[in-house]
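Respectively, the protein sequence lines represent chains A and B.
The first sequence begins at 186 in the working numbering and counts up by one.
The second sequence begins at 2 in the working numbering and counts up by one.
Think of the hints as simulated: they come from the structure by calculation, not from any bench.
Even glycine gets a Cβ: it sits at the ideal position worked out from N, Cα and C.
Hints may contain errors.
[What the hints assert, rightly or not] With a cut-off of at most 30 Å between alpha-carbon atoms, the simulated DSSO-like pairs for lysine-lysine come out as follows:
no.	chain 1	residue 1	chain 2	residue 2
1	B	Lys76	A	Lys249
2	A	Lys202	B	Lys76
3	A	Lys488	A	Lys310
4	A	Lys797	A	Lys854
5	B	Lys88	B	Lys65
6	B	Lys20	B	Lys41
7	A	Lys569	A	Lys511
8	A	Lys878	A	Lys1064
9	B	Lys20	B	Lys109
10	B	Lys41	B	Lys109
11	A	Lys1101	A	Lys1064
12	B	Lys65	A	Lys202
13	B	Lys35	B	Lys65
14	A	Lys487	A	Lys314
15	A	Lys314	A	Lys440
16	A	Lys511	A	Lys310
17	A	Lys204	B	Lys65
18	A	Lys249	B	Lys41
19	A	Lys840	A	Lys854
20	A	Lys912	A	Lys797
21	A	Lys1064	A	Lys912
22	B	Lys35	A	Lys249
23	A	Lys440	A	Lys511
24	B	Lys35	A	Lys204
25	A	Lys892	A	Lys878
26	B	Lys109	A	Lys204
27	B	Lys41	B	Lys76
28	A	Lys912	A	Lys569
29	B	Lys65	A	Lys249
30	B	Lys20	A	Lys249
[Unchecked claim] If we take Cβ atoms under 8 Å as the criterion, some of the chain B residues that face chain A in the derived model are:
no.	residue
31	Met48
32	Gly62
33	Ala77
[What the hints assert, rightly or not] To spell it out: a stretch of chain B is covered by chain A in this simulated footprint if at least three of its residues, at any positions, have a beta carbon under 8 Å from a beta carbon of chain A; those stretches are:
no.	segment
34	23-32
35	63-75
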Amino acid sequence: MIRLRELLFRLQPLFRKRKIEAGLSEEIQAHLAMAIEANVAVGMSPEEARYAALREFGGVEQIKERYRDERGVAWIEHLVQDLRYAVRQLRKTPGFTAVVILSLALGIGANTAIFSFINDVLLRKLPVKNPNELVLFNWLAEPESMRQRSWSGRVVDEPGTGLWLGTTFSGPVFEQFRQHSPALSDVFAFVQTVRPVKVTTGGQAETVRLAQVVSGNYHAGLGVSAALGRLLTPADDQPGAAPVVVISYGFWQRKFGGDPAVIGQVLTANTVPCMIVGVTPREFTGTGEVGEVPDLTFPMVKKLELEPFDRSPTNTWRLNIMGRLKPGATAGQVRASLEGLYREDVRQGDAAKMKERRGPAIAPMDVPQLRVVSGARGLSQTRKNYVPSLQIMMGLVALVMIAACANVANLLLARGAARRKEIGIRLALGASRGRLVRQLLTESMLLALLGAAAGVGLAWWARDGLLALRPIGPNSGLVFTLELDGHVLAFTTAVAMLTGVAFGLLPALRATRINLTEEFQGGTRNLGAGSRPALARSLVVLQVGLSLVLLIGAALYVRTLRNLQEVDLGFNRAGVLLFRVDASLASDRKWREIVQLHDRIVERLSSIPGVKGVTYSYRPLIGVFTDFAGSLVWVPGYTVPGKEEMAQGHWIAPKFFDVFEIPLMLGRKFDARDFDSARSGSVAIVNEAFARKYFGEENPIGRLFGKNKIGAAPAGIEIVGVVRDTKWLVREAPRPNVYWPYPSLGFPTASFAVRASGDPHALTSAIRGAVREIDPKLPLYDVRTQDEDMDRLFHQERLFVALSSFLGLLALALASIGLYGLMSYTVHRRTGEIGLRMALGARSGRVIGMIVRESLTLVCLGIVLGIAGAWAASRLIAKMLFGLSATDPVTYAGVALLFTGVALLACLLPARRAAKVDPMVALRCE
Amino acid sequence: MTKEKSELLQGTLDLLILKALQLESMHGFGLAQKLRAMSKDVFQVEMGSLYPALCRLEAQGWIKGEWGISDANRKARYYSLTAAGRKQLQAETAQWELLSSTINAMLKAT
Chain A
186 MIRLRELLFR
196 LQPLFRKRKI
206 EAGLSEEIQA
216 HLAMAIEANV
226 AVGMSPEEAR
236 YAALREFGGV
246 EQIKERYRDE
256 RGVAWIEHLV
266 QDLRYAVRQL
276 RKTPGFTAVV
286 ILSLALGIGA
296 NTAIFSFIND
306 VLLRKLPVKN
316 PNELVLFNWL
326 AEPESMRQRS
336 WSGRVVDEPG
346 TGLWLGTTFS
356 GPVFEQFRQH
366 SPALSDVFAF
376 VQTVRPVKVT
386 TGGQAETVRL
396 AQVVSGNYHA
406 GLGVSAALGR
416 LLTPADDQPG
426 AAPVVVISYG
436 FWQRKFGGDP
446 AVIGQVLTAN
456 TVPCMIVGVT
466 PREFTGTGEV
476 GEVPDLTFPM
486 VKKLELEPFD
496 RSPTNTWRLN
506 IMGRLKPGAT
516 AGQVRASLEG
526 LYREDVRQGD
536 AAKMKERRGP
546 AIAPMDVPQL
556 RVVSGARGLS
566 QTRKNYVPSL
576 QIMMGLVALV
586 MIAACANVAN
596 LLLARGAARR
606 KEIGIRLALG
616 ASRGRLVRQL
626 LTESMLLALL
636 GAAAGVGLAW
646 WARDGLLALR
656 PIGPNSGLVF
666 TLELDGHVLA
676 FTTAVAMLTG
686 VAFGLLPALR
696 ATRINLTEEF
706 QGGTRNLGAG
716 SRPALARSLV
726 VLQVGLSLVL
736 LIGAALYVRT
746 LRNLQEVDLG
756 FNRAGVLLFR
766 VDASLASDRK
776 WREIVQLHDR
786 IVERLSSIPG
796 VKGVTYSYRP
806 LIGVFTDFAG
816 SLVWVPGYTV
826 PGKEEMAQGH
836 WIAPKFFDVF
846 EIPLMLGRKF
856 DARDFDSARS
866 GSVAIVNEAF
876 ARKYFGEENP
886 IGRLFGKNKI
896 GAAPAGIEIV
906 GVVRDTKWLV
916 REAPRPNVYW
926 PYPSLGFPTA
936 SFAVRASGDP
946 HALTSAIRGA
956 VREIDPKLPL
966 YDVRTQDEDM
976 DRLFHQERLF
986 VALSSFLGLL
996 ALALASIGLY
1006 GLMSYTVHRR
1016 TGEIGLRMAL
1026 GARSGRVIGM
1036 IVRESLTLVC
1046 LGIVLGIAGA
1056 WAASRLIAKM
1066 LFGLSATDPV
1076 TYAGVALLFT
1086 GVALLACLLP
1096 ARRAAKVDPM
1106 VALRCE
Chain B
2 MTKEKSELLQ
12 GTLDLLILKA
22 LQLESMHGFG
32 LAQKLRAMSK
42 DVFQVEMGSL
52 YPALCRLEAQ
62 GWIKGEWGIS
72 DANRKARYYS
82 LTAAGRKQLQ
92 AETAQWELLS
102 STINAMLKAT
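Chain B on its own, in the form it takes in the complex:
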């Protein structure tokens, strides 16, 4: 693991996956690349975290996995956001904004 790459804050991976899936459904590899691109290569997404997270989100009913065919004509499992997942994304985004703005404010206060 390279030094400049930072690990994800615990618990934020779920939110980021939901965010990444907001516009289009994606397979695991695509998702990993998209997450890296979104973070401008700062975050390293461990595969050992990604797949269990996908499973967790699917169990909660926020995303849905379906087998499909990729652009390269390969069988892959595509994940998409469900209605409940959209709601969850909104709620978590709001929560994150509150949290981060508060922490930012607190850090600047000194």
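So here's chain A without its partners, still in its complex pose:
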């Protein structure tokens, strides 16, 4: 233990160096003077006396050095000294320094960027008061039983149990929780609106994809305070309260340009004029799933007014509930006090449901369990879905980091060789090897830290690019912060330190292992190739291997994406423009009028030049916005083997099959009669997969089926046609599809499809104009071509293509630089040998061949290593690939070939230099 007083004493030299040095010199001079006097006193001549005193005293400078060691805190002094020295050294070789810092910056920057992602997705807690006190309620239920209940929200499979885990609860359960939870200081609820909200401000309409309704104590319970104005209060959530809205910081910036005068303005949400009362802080992105940032927050009491079309009863399970623990309380206590209440409530609800339902009794349902988990990160069911791809990303950037380290280590080795003389002199003057290693390590640490600083800058700069790749989801509403917070900076610093040691240690040890006698005898440059830089060569092999792994991964992703893009979807996807309208947002039309509106749009758009056909359906055929809406199918005389599977249902308008160019295989298409309300529930067109599954080889035309075996509904739906299979999950084989006529008492939303004769984009403004003519208040949204939609569907694949290609090329570049550097160095070292060979008659072709052969040996070793590595890692990415195996030999061979080509180029320059060696000059040097 070093005491404070002692520490202060020892730290003095750092600040008062000159004074202390002067004192020491004076003290030594006084000592010598006294010694000389004493010697004179015993009879020596002054000359003799001085000489004897000096001899007896010993080396003045050595004593000073030992004194300095004793006087200061040696390591701090050395560190400061080493840092100064390192800075001087690095400034002396700006080229080397720049290359090293750039290599490291790329490696560390890539790591920082990916880690900041992981931080966003997995680690970061809500930026609210004491996030660890927050709890979130979950239920765990039998999936079968949930089919019988009315609920909405996301569920995930609870691993190992076969149960579903959900976060949504009914209104009455929320009230119960609120009243009977002594361990919680606050209980609050939130839920996204069912549909996007149409927002009108100052006469301009736009669609806001993510909005939420919350209980009045939501903001207070979370402990968020307003960036501007005020947030919601329980008073806003009372019946009859004036309608208000709180907007997100992002929305405030985007829509209002951050104008503070926004407070008090009126924003019409769907048809409800709401006063904007406040803006949430920038860092607060809500309690939803990762990336889902609601732009508008309304009090829950306004839900029905806001979305009058959503008539699901209040006992539908749809509210997400969170609470704040009182100090000292635990999640276990909360669960104990509420589970009984909750299960009783569910039991009663189930009983009521069974009474309502006529027909055969259904098995008693399982009552779900209640679970209380940490709410520190808000809703987080989808988080673990990202773990595998994040792991792969992290793996990719880690490989690049290793490659960058190898590169830098190689540069340092070469530099160490160039500095042999300097290091030799320092060793000869008495510097210890440990001291020199420490000094060299300080230099590499400094490089690593500079690289890290540049890397953080790079990551910051690359952030927008990364965000543009939509790493987490294709929907435009997803928002990421990618903040470089404490976690990220700590990570980066740790990486930098680690790399500093990783790339610095070996070269430092190598550089200081010098045989002094040999070094100064001068004749160290031997003619033979005896002392090959084995370490440098293995580093190059490692680099080649790593970049090969990355490039193989990139090639596999590229080919996967191409396979996906070229998959036959069963219809002609080129030249189709898609958009959606939501008539319920525009006015309170009767639903029958909505269908008429849709038909008017079809008619009007069909007259636009360049439009070949227009149709619409309830949901898009395939794409980002297509979800599964299955109905059970019951065919008399057919029992489904295993678990009952649902068929995907599509409600389609006339000409649907014409616009999408889906061929009719058997029977007929829907005709005008089929769209009559009387008949629209009794006819259907199915796809081939459906026909094959339920009717085998028989002709399905005219056959009947029912929607649901439960209850007394007869099998009264007639199959009138069979169409070709289309996919709605690109990676899977087509599944049974049922097409129903779009009902005349239809849906308020429709997904329109326009088949263009030319470029579909060219039609966009004409279509917008036409729809505006029909109803100026009707917003058009999600306008995109079918191709664009598919591309967005492949966002993850594209992300990996972009990321792995970039990193792969980066690694390739690093490896080529490494190889080039090594070969140049080799040629330089062997100039004498090469000169001798040429003097003895070797032709320049042979010399080039020799150098190229040597490089190719290294590259081949690296390729073998890389292929082995890629083979071992293939298991990890196999699931993400499509249409080829993770060990696809063509890909492997192609990449290896490409690599050999690049390597040849990299070694050609040094080889040509070798061929130009003038034997006379080379030998004269020796």
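Given chain A's structure and the hints, the job is docking chain B onto it.
Quick look at chain B alone, frame taken from chain A:
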């Protein structure tokens, strides 16, 4: 270095410096002479050890250095024992006595 002059046992220099300073404050040269006299010319005190040792002891707070004027009217740095240094001297002396008597006993035992 002459043969009959022996090197100091590692770690004992500090104790001897404290002992030498027990009665009076001294400068470095004086200290070196005093140590030699005390050992009856047996021990050779290396200057390369003496000055770092003085620094070490000063850092520990056992001795204190102050600039003063020598008898020969020369500016010199005088070292004196502090209270903590006196305590340390006692403790180290006791420890040394224990150590040396034990080792002596052990050497005589055979």
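Going through the hints against the structure:
1. Between the alpha carbons of Lys76 of chain B and Lys249 of chain A the distance comes to roughly 19 Å, so the proposed pair stays at or under 30 Å and holds.
2. Taken as a hint, the Lys202 of chain A and Lys76 of chain B pair is honoured in the structure, with Cα atoms around 21 Å apart against an allowance of 30 Å.
3. Restraint check for Lys488 of chain A and Lys310 of chain A: the C-alpha separation of about 28 Å stays at or below 30 Å, so the hint holds.
4. Restraint check for Lys797 of chain A and Lys854 of chain A: the C-alpha separation of about 19 Å stays at or below 30 Å, so the hint holds.
5. As the CA atoms of Lys88 of chain B and Lys65 of chain B are separated by approximately 14 Å, the hinted pair is consistent with the 30 Å bound.
6. For the hint linking Lys20 of chain B to Lys41 of chain B, the alpha-carbon distance of about 15 Å falls within 30 Å, and the restraint holds.
7. Of the pairs offered as hints, the one joining Lys569 of chain A and Lys511 of chain A holds, with about 29 Å between alpha carbons and a cut-off of 30 Å not exceeded.
8. For the hint pairing Lys878 of chain A with Lys1064 of chain A, the CA-to-CA distance comes to about 27 Å; that is within 30 Å, so the pair holds.
9. A distance of roughly 28 Å separates the Cα atoms of Lys20 of chain B and Lys109 of chain B; the hinted pair therefore holds under the 30 Å criterion.
10. Between Lys41 of chain B and Lys109 of chain B the CA atoms are separated by roughly 25 Å; this keeps the pair inside 30 Å, and the hint holds.
11. With a CA separation close to 52 Å, the supplied pair Lys1101 of chain A and Lys1064 of chain A exceeds the 30 Å bound.
12. For the hint pairing Lys65 of chain B with Lys202 of chain A, the CA-to-CA distance comes to about 19 Å; that is within 30 Å, so the pair holds.
13. Only pairs whose Cα atoms come within 30 Å are accepted, and Lys35 of chain B paired with Lys65 of chain B is accepted, the gap being roughly 18 Å.
14. Our distance criterion of 30 Å between C-alpha atoms is met by Lys487 of chain A and Lys314 of chain A, whose separation comes to about 27 Å.
15. With a C-alpha separation of about 28 Å, the suggested pair Lys314 of chain A and Lys440 of chain A falls inside the 30 Å cut-off, and the hint holds.
16. A hinted pair counts as satisfied when its Cα atoms are at most 30 Å apart, and Lys511 of chain A with Lys310 of chain A qualifies at roughly 19 Å.
17. The straight-line distance between the Cα atoms of Lys204 of chain A and Lys65 of chain B is roughly 17 Å, inside the 30 Å bound, and the hint therefore holds.
18. With a C-alpha separation of about 28 Å, the suggested pair Lys249 of chain A and Lys41 of chain B falls inside the 30 Å cut-off, and the hint holds.
19. For a cut-off of 30 Å, the pair hint linking Lys840 of chain A to Lys854 of chain A stands: about 9 Å separates their Cα positions.
20. The hinted pair formed by Lys912 of chain A and Lys797 of chain A meets the criterion: a straight-line CA distance of about 23 Å does not exceed 30 Å.
21. Restraint check: the Cα-Cα separation between Lys1064 of chain A and Lys912 of chain A comes to about 19 Å, which is no more than 30 Å; the hinted pair holds.
22. Proximity of Lys35 of chain B to Lys249 of chain A is assessed by CA-CA distance (about 22 Å); at most 30 Å being required, the pair is judged to hold.
23. Restraint check for Lys440 of chain A and Lys511 of chain A: the C-alpha separation of about 39 Å exceeds 30 Å, so the hint is violated.
24. Pair hint Lys35 of chain B plus Lys204 of chain A holds up; C-alpha atoms about 29 Å apart against a cutoff of 30 Å.
25. For a cut-off of 30 Å, the pair hint linking Lys892 of chain A to Lys878 of chain A stands: about 16 Å separates their Cα positions.
26. For the proposed pair Lys109 of chain B and Lys204 of chain A, the alpha carbon gap of about 53 Å is over 30 Å, so the pair is violated.
27. At most 30 Å may separate the alpha-carbon atoms for a hinted pair to count; Lys41 of chain B and Lys76 of chain B meet this at roughly 28 Å.
28. Distance check on the hinted pair: Lys912 of chain A and Lys569 of chain A sit about 27 Å apart at the alpha-carbon level, within 30 Å; holds.
29. For the suggested pair Lys65 of chain B and Lys249 of chain A, the alpha carbons sit about 19 Å apart, so the restraint of at most 30 Å is met.
30. Proximity of Lys20 of chain B to Lys249 of chain A is assessed by CA-CA distance (about 25 Å); at most 30 Å being required, the pair is judged to hold.
31. The beta carbon of Met48 of chain B is positioned within 8 Å of a beta carbon in chain A (closest approach about 5 Å), and the interface hint is therefore held.
32. Hint status for Gly62 of chain B relative to chain A: holds, with the closest Cβ pair at about 6 Å, below 8 Å.
33. Satisfaction of the interface hint for Ala77 of chain B is found here, the shortest Cβ-Cβ separation to chain A being roughly 5 Å, below the 8 Å cut-off.
34. Requiring three or more residues with a Cβ within less than 8 Å of a Cβ of chain A, the coverage given for the segment 23-32 of chain B holds, as 4 such residues are present.
35. By the rule of at least three residues with a Cβ nearer than 8 Å to a Cβ of chain A, the coverage given for the segment 63-75 of chain B holds, with 3 such residues.
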